[in-house]
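*Asks:* Sequence:
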Amino acid sequence: MILALVFVAGASTLASAQVDTKNIGLRLGWANEISYQQPLSSTNRLEFDFGIPGFYNYLALGASGIYQWVWDLPELATGFKWYAGVGASALLFNNYFNFGPSGQIGIEYNFDIPLQLALDYRPTFYLLNPSGGYYFQFSPYGAALSVRYKF
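Under my numbering, the first residue of the sequence shown carries the number 8, and numbering increases by one thereafter.
Note that these hints are calculated values from the structure, not bench results. Keep in mind that the hints are not guaranteed to be accurate.
Below, simulated SDA-like cross-link-like pairs (lysine to any residue); rule was C-alpha separation at most 20 Å, straight line [unchecked claim]:
1) 157 x 68
2) 29 x 121
3) 157 x 121
4) 157 x 117
5) 157 x 50
6) 29 x 157
7) 29 x 108
8) 157 x 65
9) 88 x 33
10) 157 x 78
11) 157 x 80
12) 29 x 156
13) 29 x 89
14) 29 x 116
15) 157 x 85
16) 29 x 55
17) 29 x 132
18) 88 x 46
19) 88 x 61
20) 29 x 51
21) 157 x 41
22) 29 x 49
23) 29 x 118
24) 29 x 57
25) 157 x 67
26) 88 x 152
27) 88 x 147
28) 29 x 45
Computed beta-carbon distance windows for the label pairs [unchecked claim]:
29) 95 x 140: 14 to 24 Å
30) 25 x 154: 19 to 29 Å
31) 102 x 55: 29 to 39 Å
32) 140 x 85: 50 to 60 Å
33) 28 x 65: 33 to 43 Å
34) 140 x 83: 40 to 50 Å
35) 81 x 41: 24 to 34 Å
36) 143 x 87: 31 to 41 Å
37) 143 x 84: 39 to 49 Å
38) 120 x 142: 41 to 51 Å
39) 103 x 27: 34 to 44 Å
40) 150 x 101: 18 to 28 Å
A virtual CB, placed ideally from N, CA and C, is assigned to each residue, including glycine.
Model the full structure from these sequences, guided by the hints.
*Replies:* Pasting the structure below:
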C-alpha cells in the first residue's frame with residue numbers, strides 16, 4: 008500500500024488531468040453503491056460511496072472514502088482518464104463493525120454530455136472483530152462499473 012502511494016505521488020508530477028466537475032451516480036459491482044466525487048484541485052478529488060456489499064446470507068452496509076489522483080489518457084482518446092487513490096472503507100454486517108484501508112485504481116471516460124462511465128478496482132484490508140478477537144482480512148472483491156452524472 009505504501010509502495011503504491013509513493014508511485015502515485017511520484018507519477019502525479021509527470022501528467023495531470025482537469026478535475027473540474029462534481030459527479031454523482033451509481034457504482035455497480037460486488038457492491039451496489041451511491042457514488043459521489045468532489046474535486047479538490049485540478050488533479051485531485053475525493054470519492055465517497057455508500058451502499059450494500061454483496062453478501063448473500065445477511066444484510067450489510069458499507070461506506071468508503073477515497074482520495075484520488077487523476078491523469079489524462081490522450082493516447083486513447085479525448086475524455087479518457089485514469090486514476091488511483093487511497094482511503095478507508097467501513098462495513099457493518101451481522102452486528103459487527105469492520106473497517107480498514109482501501110486502494111483504488113481505475114479508468115474513466117467523460118462524454119461531451121454530462122455523463123461519466125468508469126471501471127475500477129478497490130481492494131480493502133478489513134480489521135475484523137467477529138468473536139472478540141481482532142485480525143486483518145484481505146477483501147479482493149472490489150471491481151465495479153460506475154455511471155455518474157456530471158454537474
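*Asks:* Hint by hint, say whether it matches the structure.
*Replies:* Here is what the structure says about each hint:
For the hint pairing residue 157 with residue 68, the CA-to-CA distance comes to about 26 Å; that exceeds 20 Å, so the pair is violated. Taking the CA atoms of residue 29 and residue 121, the gap is near 10 Å; set against the 20 Å cutoff, the hint holds. Between residue 157 and residue 121 the alpha-carbon distance is near 5 Å, which keeps this suggested pair within the 20 Å criterion. Taking the CA atoms of residue 157 and residue 117, the gap is near 9 Å; set against the 20 Å cutoff, the hint holds.
At most 20 Å may separate the alpha-carbon atoms for a hinted pair to count; residue 157 and residue 50 meet this at roughly 16 Å. For the proposed pair residue 29 and residue 157, the alpha carbon gap of about 6 Å is at most 20 Å, so the pair holds. At most 20 Å may separate the alpha-carbon atoms for a hinted pair to count; residue 29 and residue 108 exceed this at roughly 24 Å. Taken as a hint, the residue 157 and residue 65 pair is broken in the structure, with Cα atoms around 34 Å apart against an allowance of 20 Å.
A threshold of 20 Å between alpha carbons decides the hint, and for residue 88 with residue 33 the separation of about 18 Å falls inside it, so the pair holds. This hinted pair checks out: residue 157 and residue 78 have alpha carbons roughly 18 Å apart, not beyond 20 Å. Straight-line distance between C-alpha atoms of residue 157 and residue 80 comes to about 19 Å, which keeps the hinted pair within the 20 Å bound. Taking the CA atoms of residue 29 and residue 156, the gap is near 8 Å; set against the 20 Å cutoff, the hint holds.
A C-alpha spacing of about 17 Å is found between residue 29 and residue 89, which places the hinted pair at or below 20 Å, so the restraint holds. Restraint check: the Cα-Cα separation between residue 29 and residue 116 comes to about 15 Å, which is no more than 20 Å; the hinted pair holds. Simply put, residue 157 and residue 85 have alpha-carbon atoms about 16 Å apart, close enough for the 20 Å limit, and the pair holds. For the proposed pair residue 29 and residue 55, the alpha carbon gap of about 12 Å is at most 20 Å, so the pair holds.
About 28 Å separates the Cα atoms of residue 29 and residue 132, which puts this hinted pair outside 20 Å; it is violated. Restraint check for residue 88 and residue 46: satisfied, since their Cα atoms lie roughly 14 Å apart, inside the 20 Å limit. This hinted pair does not check out: residue 88 and residue 61 have alpha carbons roughly 28 Å apart, beyond 20 Å. With a C-alpha separation of about 12 Å, the suggested pair residue 29 and residue 51 falls inside the 20 Å cut-off, and the hint holds.
This hinted pair checks out: residue 157 and residue 41 have alpha carbons roughly 14 Å apart, not beyond 20 Å. The suggested pairing of residue 29 with residue 49 holds, with an alpha-carbon distance near 12 Å, which does not exceed 20 Å. Under the criterion of a C-alpha separation no larger than 20 Å, the hint pairing residue 29 with residue 118 is consistent with the structure, at around 14 Å. A distance of roughly 16 Å separates the Cα atoms of residue 29 and residue 57; the hinted pair therefore holds under the 20 Å criterion.
Under the criterion of a C-alpha separation no larger than 20 Å, the hint pairing residue 157 with residue 67 is inconsistent with the structure, at around 29 Å. Distance hint between residue 88 and residue 152 is fulfilled; the C-alpha atoms sit about 15 Å from each other, no more than 20 Å. The suggested pairing of residue 88 with residue 147 is violated, with an alpha-carbon distance near 23 Å, which exceeds 20 Å. Restraint check: the Cα-Cα separation between residue 29 and residue 45 comes to about 5 Å, which is no more than 20 Å; the hinted pair holds.
Distance hint check for residue 95 and residue 140: the Cβ-Cβ separation is about 21 Å, which falls inside the suggested range of 14 to 24 Å. Taken as a hint, the range 19 to 29 Å holds for the pair residue 25 and residue 154, whose Cβ atoms sit roughly 21 Å apart. The hinted range of 29 to 39 Å is not satisfied by residue 102 and residue 55, whose Cβ atoms lie roughly 24 Å apart. Checked against the given bound of 50 to 60 Å, the beta carbons of residue 140 and residue 85, roughly 52 Å apart, stay inside it.
Separation of residue 28 from residue 65 is about 37 Å and conforms to the stated range, judged on CB atoms against 33 to 43 Å. Separation of residue 140 from residue 83 is about 47 Å and conforms to the stated range, judged on CB atoms against 40 to 50 Å. For residue 81 and residue 41, the hinted distance range of 24 to 34 Å is satisfied, since their beta carbons lie about 31 Å from each other. At roughly 35 Å, the beta carbons of residue 143 and residue 87 sit within the given window of 31 to 41 Å.
For residue 143 and residue 84, the Cβ-Cβ distance of about 40 Å falls inside the hinted range of 39 to 49 Å, so the restraint holds. Under the hint 41 to 51 Å, the C-beta atoms of residue 120 and residue 142, about 47 Å apart, fit the expected range. In this structure the hint that residue 103 and residue 27 lie 34 to 44 Å apart at CB holds, the actual value being about 40 Å. Distance hint check: the CB atoms of residue 150 and residue 101 are about 24 Å apart, consistent with the given range 18 to 28 Å.
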